[in-house]
Amino acid sequence: MLYTKKGDDGSTILFDANKRISKTSLIVEVLGAVDELNSLLGVCKVKADDTEIKKSLGELQQDLFIAQAELAGAEPRIKLDKITRLEGDINNIEKQLPVIKSFFVAGGTELSALLDFARAVSRRVERVAVRLYDDGAMNKDLYSYLNRISSYLYALARLTNQKSGIKEVRPHY
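This note's numbering puts the first residue of the sequence shown at 254, with every later residue one more than the last.
Just to be clear, a hint being listed does not mean it is correct.
[Unchecked claim] With a straight-line cut-off of 20 Å between C-alpha atoms, the simulated SDA-like cross-links for lysine to any residue are:
#: 1; residue 1: K298; residue 2: V374
#: 2; residue 1: K420; residue 2: S397
#: 3; residue 1: K332; residue 2: K348
#: 4; residue 1: K335; residue 2: E347
#: 5; residue 1: K348; residue 2: S417
#: 6; residue 1: K420; residue 2: P351
#: 7; residue 1: K298; residue 2: E282
#: 8; residue 1: K307; residue 2: D288
#: 9; residue 1: K348; residue 2: K416
#: 10; residue 1: K298; residue 2: D316
#: 11; residue 1: K308; residue 2: N291
#: 12; residue 1: K308; residue 2: Q349
#: 13; residue 1: K393; residue 2: E340
#: 14; residue 1: K276; residue 2: V381
#: 15; residue 1: K393; residue 2: L412
#: 16; residue 1: K393; residue 2: E328
#: 17; residue 1: K300; residue 2: S417
#: 18; residue 1: K259; residue 2: K300
#: 19; residue 1: K420; residue 2: K335
#: 20; residue 1: K348; residue 2: R401
#: 21; residue 1: K298; residue 2: Q415
#: 22; residue 1: K300; residue 2: Q315
#: 23; residue 1: K354; residue 2: L412
#: 24; residue 1: K393; residue 2: F318
#: 25; residue 1: K298; residue 2: Q315
#: 26; residue 1: K416; residue 2: E379
#: 27; residue 1: K259; residue 2: N271
#: 28; residue 1: K393; residue 2: K348
#: 29; residue 1: K332; residue 2: R401
#: 30; residue 1: K335; residue 2: K354
#: 31; residue 1: K332; residue 2: S404
#: 32; residue 1: K335; residue 2: S397
#: 33; residue 1: K354; residue 2: D288
#: 34; residue 1: K298; residue 2: A366
#: 35; residue 1: K308; residue 2: T337
#: 36; residue 1: K307; residue 2: E347
#: 37; residue 1: K393; residue 2: E282
#: 38; residue 1: K276; residue 2: A325
What the hints contain is simulated information worked out from the structure, not anything from laboratory work.
All chains should be built: construct the whole structure from the sequences, respecting the hints.
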């Protein structure tokens with residue numbers, strides 16, 4: 254059944270299912286932001302033609318499900334190895350791109366624009382997650398991992414445009 258009517262009072266239940274909490278709570282806000290990001294990554298994955306990009310986005314989606322479970326009370330599974338893998342992916346992409354000398358206007362290919370949109374959503378995840386981290390309700394590895402995603406998506410958006418022969422456009426100030 255897709256509904257229980259129990260949330261009609263403005264509450265929800267987390268992974269550990271011990272008690273109901275308000276849907277306005279910070280943890281629910283973080284979980285919702287991660288869910289939005291994960292859904293948008295699904296759109297990006299569908300739009301990607303490159304099998305490596307599809308695979309990478311799929312792995313990131315799986316990691317975000319693990320992150321949500323951890324946030325909701327499961328044992329920590331986002332650890333240094335996942336951070337290191339993501340940083341390695343960012344470094345490998347950066348080696349293929351020109352050095353950044355300014356901001357760039359989002360766009361180019363449809364996939365690049367969607368990846369930039371996902372990057373902006375991941376920045377929202379960072380902004381709400383840091384409040385949870387500051388409250389001591391999130392471990393450092395998980396916060397660090399969530400904090401790397403926007404850099405990864407930015408690099409991937411740039412790479413997508415480069416592979417399509419699209420030049421980056423600087424903003425006019």
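Structure-based check of each hint:
1. K298 / V374: 16 Å, holds
2. K420 / S397: 31 Å, violated
3. K332 / K348: Distance of about 25 Å is beyond 20 Å: violated.
4. K335 / E347: Holds, at about 18 Å.
5. K348 / S417: Cα-Cα ~17 Å, so holds.
6. K420 / P351: Judged against 20 Å, a Cα distance of about 11 Å means the pair holds.
7. K298 / E282: 24 Å, violated
8. K307 / D288: OK: K307 and D288 at ~18 Å, within 20 Å.
9. K348 / K416: Between K348 and K416 the Cα gap is close to 14 Å, so the pair holds against 20 Å.
10. K298 / D316: 15 Å, holds
11. K308 / N291: 14 Å, holds
12. K308 / Q349: 19 Å, holds
13. K393 / E340: 16 Å, holds
14. K276 / V381: 14 Å, holds
15. K393 / L412: 29 Å, violated
16. K393 / E328: At roughly 14 Å apart (the allowed maximum being 20 Å), E328 and K393 satisfy the hint.
17. K300 / S417: 14 Å, holds
18. K259 / K300: Measuring from Cα to Cα gives roughly 37 Å; hence the hint is violated.
19. K420 / K335: 31 Å, violated
20. K348 / R401: 17 Å, holds
21. K298 / Q415: 18 Å, holds
22. K300 / Q315: 18 Å, holds
23. K354 / L412: 16 Å, holds
24. K393 / F318: 18 Å, holds
25. K298 / Q315: Distance of about 13 Å is within 20 Å: holds.
26. K416 / E379: 28 Å, violated
27. K259 / N271: 14 Å, holds
28. K393 / K348: 28 Å, violated
29. K332 / R401: 13 Å, holds
30. K335 / K354: 29 Å, violated
31. K332 / S404: Within the cut-off at roughly 18 Å; holds.
32. K335 / S397: This hinted pair holds, its Cα atoms lying about 10 Å apart.
33. K354 / D288: The given pair, whose Cα atoms are some 33 Å apart, is violated under the 20 Å limit.
34. K298 / A366: 13 Å, holds
35. K308 / T337: 17 Å, holds
36. K307 / E347: 18 Å, holds
37. K393 / E282: 19 Å, holds
38. K276 / A325: 13 Å, holds
Consistency with the previously given hints fails for numbers 2, 3, 7, 15, 18, 19, 26, 28, 30, 33, ordered from lowest to highest.
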